[in-house]
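Enquirer: So you can see what is in the structure, the chains are spelled out below.
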Amino acid sequence: AQSVTQLGSHVSVSEGALVLLRCNYSSSVPPYLFWYVQYPNQGLQLLLKYTSAATLVKGINGFEAEFKKSETSFHLTKPSAHMSDAAEYFCAVSQTGANNLFFGTGTRLTVIP
Amino acid sequence: IAGITQAPTSQILAAGRRMTLRCTQDMRHNAMYWYRQDLGLGLRLIHYSNTAGTTGKGEVPDGYSVSRANTDDFPLTLASAVPSQTSVYFCASSQSTGRSYEQYFGPGTRLTVT
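Chains as they are written, first to last, in my numbering: chain X, 1 to 113; chain R, 1001 to 1114.
A portion of the hints provided could be inaccurate.
Footprint (simulated), chain R over chain X, 3 or more residues, beta carbon under 8 angstroms [what the hints assert, rightly or not]: (1) 11 to 21; (2) 60 to 72.
Distance windows between CB atoms, simulated [as the list claims (entries may be wrong)]: (3) X:His-10 / R:Ser-1010: 23 to 29 angstroms; (4) X:Asn-100 / R:Thr-1009: 26 to 32 angstroms; (5) X:Gly-62 / R:Ala-1079: 33 to 39 angstroms; (6) R:Gly-1063 / X:His-10: 15 to 21 angstroms; (7) X:Ala-17 / R:Leu-1039: 25 to 31 angstroms; (8) R:Leu-1041 / X:Lys-69: 43 to 49 angstroms.
It is worth saying that the hints were derived from the structure and are not from the lab.
All C-beta atoms, glycine included, are put in the ideal place defined by N, C-alpha and C.
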């Protein structure tokens, strides 16, 4: 079975502060992991993905995530938040194929000026 | 480059009515998907198609049907809408069904069943 848990449905940070969005996964085989971002009234856009190569994955817009097998985590970080980062972020896990992509419930990021 | 288009953008539908949500992609992707997004539940897979001519059931398929007559189009039909089908519906596609392939999403259809 596979699943993801995103801790914190809402996260608020000040502009310029560190962004940390948490994702823990459950998978019976080595997982492939994804982070997507959804801006208001839009579809989801891929931020980055882990596919068993480097454990530190760099994505678009300055985001990165580190795969930690021992902690079953794939947390998303950005050193300095920008107002344009305000959006909803979804972690997803794929165990057996693209038609078995399971999404977390999402974390809404608010950036305070 | 349009990517994935969905129509309509939004719709208010009376319960019991039939409705087809349209989805077209121009990326020549083999696989396509329909999700519904509900507050606090994230995205849940309704149906998918690995290639033209084949379809499969996802996590929440009841009350929905799909067809895949060609590579580009993947319509989702609600035969007799119920209020619990009020949701935002996203169509997505991926180049292949391998698990490293990311999915690309359309802009969504907001459906309200009254």
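Enquirer: Now tell me, hint by hint, if it's right for this structure.
Expert: Now the hints, each set against the structure:
no.: 1; hint: 11 to 21; in the structure: violated (count 0)
no.: 2; hint: 60 to 72; in the structure: violated (count 0)
no.: 3; hint: X:His-10 / R:Ser-1010: 23 to 29 angstroms; in the structure: holds (25 angstroms)
no.: 4; hint: X:Asn-100 / R:Thr-1009: 26 to 32 angstroms; in the structure: holds (29 angstroms)
no.: 5; hint: X:Gly-62 / R:Ala-1079: 33 to 39 angstroms; in the structure: violated (46 angstroms)
no.: 6; hint: R:Gly-1063 / X:His-10: 15 to 21 angstroms; in the structure: violated (31 angstroms)
no.: 7; hint: X:Ala-17 / R:Leu-1039: 25 to 31 angstroms; in the structure: holds (27 angstroms)
no.: 8; hint: R:Leu-1041 / X:Lys-69: 43 to 49 angstroms; in the structure: violated (28 angstroms)
When each numbered hint is compared with the structure, violations occur for hints 1, 2, 5, 6, 8.
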